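S.K.: For reference, the chains in residue letters:
Protein chains: 2
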Amino acid sequence: MKKKIAVLPGDGIGPEVIKSALQVLDGVATRFGHEFETAEKVFGGAAIDQKGTPLPDDTLEVCKGSDAVLLGAVGGPKWDKGNVRPEQGLLALRKALNVYANLRPVQVFPGLEHLSPLKSCRVKGADFVFVRELTGGIYFSEPKKRDRKSAVDTLSYTREEISRIVEKAYELAAGRRGKVTSVDKANVLETSKLWREIVEETAKKYPNVQTEHMLVDFAAMRMISDPGSFDVIVTENMFGDILSDEASVLTGSLGMMPSASLSERGPGLYEPIHGSAPDIAGSGKANPIGMILSVAMMLRHSFQLEKEAAAVELAVFETLQAGYRTQDIYDGTGNLVSTKEMVDQIHFRMLEDSTSATLLEVYV
Amino acid sequence: MKKKIAVLPGDGIGPEVIKSALQVLDGVATRFGHEFETAEKVFGGAAIDQKGTPLPDDTLEVCKGSDAVLLGAVGGPKWDKGNVRPEQGLLALRKALNVYANLRPVQVFPGLEHLSPLKSCRVKGADFVFVRELTGGIYFSEPKKRDRKSAVDTLSYTREEISRIVEKAYELAAGRRGKVTSVDKANVLETSKLWREIVEETAKKYPNVQTEHMLVDFAAMRMISDPGSFDVIVTENMFGDILSDEASVLTGSLGMMPSASLSERGPGLYEPIHGSAPDIAGSGKANPIGMILSVAMMLRHSFQLEKEAAAVELAVFETLQAGYRTQDIYDGTGNLVSTKEMVDQIHFRMLEDSTSATLLEVYV
Ligand SMILES: [Mg+2]
Ligand SMILES: [Mg+2]
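Sequence order for the protein chains is E and Y.
Start counting the first sequence at 14; every next residue gets the next number (the working numbering).
Start counting the second sequence at 14; every next residue gets the next number (the working numbering).
Among the hints, a few may not be true.
The list treats identical chains as one, so a pair stands whether inside a single copy or across any two.
Stated by the list, open to error - SDA-like cross-link-like pairs, simulated, lysine to any residue; straight-line CA separation at most 20 Å:
| hint | residue 1 | residue 2 |
| --- | --- | --- |
| 1 | K132 | D344 |
| 2 | K206 | V97 |
| 3 | K15 | A322 |
| 4 | K162 | R209 |
| 5 | K192 | D244 |
| 6 | K137 | M234 |
Treat the hints as calculated values from the structure; they're not laboratory data.
Since this is a predicted model, take the numbers as computed values, not measurements.
Just chain E, with the same shape it has in the complex (with noise of 0.2 Å):
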């Protein structure tokens, strides 16, 4: 298979993980005989210094072109007091490309429990995936104003924009454990009345599906009293970044976390959900496997990639269980390593994995 990939390393520890990224598609390339032509270009921050747009025109063309983008981090304080900010190119790209569901997997990796805030009897087993419209709501719609006196905000939803993210989700959760949760706040908004009535409508067409519907601050209460009892969560845009890095602590390895921002037919962006965490780029103590779990997203979701996507994700999970940490991961046990050195523990043991896979196929 051949696929074009756009590539946008950001700010701060972006460029590190990318690179991370890079190095395992390589192997991805190599085991599975496929090939992956990557352009990199200049996005966030780094574009602002460079071309005075956090997403300028040639970057957006090649992102449209490709068959998915994979994208770092973006800002860092440097950019926090300008006219324009990182952020900015991000709600841009997301909404050029159309992106409007949003995945988020929240999973507590066997082992690694004890580095949740929560008691690990809480956590324990939690494992479950927000679907957060991404291209609406309350951070795109009209209108907006404000002068010195007053501000406003305006929430909307159409119709078309709630069914085919609530489809997404009950997709999802079809191949899935069957539960989908929706999140609105439908005692007092009328969008979130008109969610819970389309959500209603899809749930009759997944009878195998189970269906619960719950209010936004009791959804934040029980992220926290009971993660275990989610399966799928589908939210609108505003309540689902609250509620999904809510639930990014839950796990304490943030760095860990990969995303997917899916759109009908256009090319799909991969994210790591960590910030650029400028603080430590350039030492090498950048967690890089939020972004290579991205990947596997993308070989997943972008390019029904099935087997390949798996056999990323059990090289990050053979390394965690060998004890590879990278700092942000690492309590006194095991083996604490720098991004370069955790990375090529999880290409080596994608090739290893293929050594003996290959062994399995002649000797069985």
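Fit chain Y with the ligands to the known structure of chain E by using the hints.
M.R.: Below, chain Y with the ligands without anything else, positioned relative to chain E:
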């Protein structure tokens, strides 16, 4: 001192916890020589049943004519499918009383850290208070509309609405540990940009208070990863709704958390943060402490009876130290008691303290 108090038992366990509160209030009156005149009125689901509306006119009139309002809890599955919801009465009451400032203390009781879903080391010593804007923002702003094809909500704030709540937070912080965390989403919302501007202006008037700005999604993470870092958190209505509910489970003792909703001049509204818990209504299992600590907040914030408020809080604290536990906070050790027995213990300790205080006054 003579004060008029409107009493709204509401639904579910509301009447039980209100009864508890009144017994303790009676103790305060006896011990300190005050006169509290109470008027009980129907509210919430009970009012829908009796009068077809959750906030009948005469209930509102009595509230408006009182010095403070004590509220139990409203809602329940019985009214979930109806045209009018009990919660609408709550929104209407808050709006009518113009209680724009919602204060919600979050405190981990010494010795009860183990109740938290978080590791004890994470929550130990956590002690902060939410100052949530309660009468503006997206739950109230117009236009709101919905048809089959789309829906719209509006989030608007005026400078005055923001100024007064921010001011309240700084006042409170000045009397506490001197730190305000202002939560917004200033990277994308216009209302948040105005919010941040006003916080900056207000901060200049309080040179001894430290100011920290935090994005709402990051705050949702920090609440779990480092709850001890907060002192006063000030935020707009919906962010406050989500974050304060999230914070409420940190202590593991939802039934013990009070709240106050304050207006500029009129009566304040005091209620526990727990719901109406229809499943345990009438069984004597309700924890009355959230309601009793709300009485303490009333004594402090509406009547400026600081000594009386502290006496109630001390009695609660001592009762917990003595090992008394309602079922929701019982972990197999200590003394499992009913609502009534818990209240009797608190009431008794308040009088006992009174004796020792009197003895002290005589002998010292
Ligand atoms: Mg976020
Ligand atoms: Mg709430």
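S.K.: Now, for every hint given, state plainly whether the structure supports it.
M.R.: Checked hints:
1. K132 <-> D344: both (16 Å within a copy, 16 Å between copies)
2. K206 <-> V97: Cα proximity of K206 and V97: across copies only (14 Å, versus 35 Å in one copy).
3. K15 <-> A322: within (16 Å within a copy, 72 Å between copies)
4. K162 <-> R209: For K162 and R209, the Cα distance is within 20 Å only across copies (13 Å; inside one copy 35 Å).
5. K192 <-> D244: within (6 Å within a copy, 38 Å between copies)
6. K137 <-> M234: Cα proximity of K137 and M234: in one copy and across copies (17 Å, 19 Å).
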